[in-house]
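Go ahead and model the full structure; you've got the sequences and the hints to work with.
Which chain is which? The protein sequence lines are A and B, in order. Take 1 as the starting number for the first sequence in the working numbering and just add one per residue. Take 1 as the starting number for the second sequence in the working numbering and just add one per residue.
Simulated from the structure, these hints should not be mistaken for lab results. Treat the hints with caution; some may be incorrect.
Ranges between beta-carbon positions, derived for each pair [said to hold, decoys possible]:
#: 1; chain 1: A; residue 1: E42; chain 2: B; residue 2: E99; range: 19 to 25 Å
#: 2; chain 1: B; residue 1: S58; chain 2: A; residue 2: N67; range: 40 to 46 Å
#: 3; chain 1: B; residue 1: A53; chain 2: A; residue 2: I53; range: 25 to 31 Å
#: 4; chain 1: A; residue 1: P40; chain 2: B; residue 2: N18; range: 25 to 31 Å
#: 5; chain 1: B; residue 1: E52; chain 2: A; residue 2: I20; range: 28 to 34 Å
#: 6; chain 1: A; residue 1: T26; chain 2: B; residue 2: A53; range: 27 to 33 Å
Glycine included, C-beta positions come from ideal geometry on N, C-alpha and C.
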Amino acid sequence: DQQVKQNSPSLSVQEGRISILNCDYTNSMFDYFLWYKKYPAEGPTFLISISSIKDKNEDGRFTVFLNKSAKHLSLHIVPSQPGDSAVYFCAASASGDMRFGAGTRLTVKP
Amino acid sequence: DTGVSQDPRHKITKRGQNVTFRCDPISEHNRLYWYRQTLGQGPEFLTYFQNEAQLEKSRLLSDRFSAERPKGSFSTLEIQRTEQGDSAMYLCASSRTGEREKLFFGSGTQLSVL
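Right, here's the structure in full:
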């Protein structure tokens, strides 16, 4: 059962522009949402998170938006840099285990 | 803080053999998780420990899989009678109580079952 879905397997943007990665979830019990970033041959690394009581969280170039009514969250990266090229996983938690989306491969072109 | 360490990085085995993987979490983290990741998919939850207690197991964890964390420090994941469908990246992660959602992942063990 795919409770967390990332429908875009890949995204390509130009350096300096905005990258928007999207994620949808089905379980209304999820109360915490996260984005992880993964480089080849490494495990995922935590990037940014948001609690279900908030609708926005910002950390430098990264902002996560949560729309609970639509069960949708997005990650904005502004401005995008070539070093941001990686696979981005959306994750959601409802106490205990965490469910991950299938990932979106972001490529930032110089 | 040396990060989460997993051993081995790669394991190739024949179908029917048993394999064991080891995970050393970040020392002050009391929660430890095992995930499995196949190509094109996100990590799938297998099980997690709070100290030495195994608190939750996914239905993905068949009776051929067993995980232990005997002293609440390192953990092992054993797969008995491996099948080709077990081929995957096995990821270990750890976290602090109170920051349970912020997982720190190891680099994983890539298992290939021939």
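Do the hints match the structure? See the list:
no., hint, verdict
1, E42/A to E99/B: 19 to 25 Å, "21 Å, holds"
2, S58/B to N67/A: 40 to 46 Å, "28 Å, violated"
3, A53/B to I53/A: 25 to 31 Å, "29 Å, holds"
4, P40/A to N18/B: 25 to 31 Å, "29 Å, holds"
5, E52/B to I20/A: 28 to 34 Å, "43 Å, violated"
6, T26/A to A53/B: 27 to 33 Å, "30 Å, holds"
The structure fails to meet hints 2, 5 from the earlier list, while all remaining hints are met.
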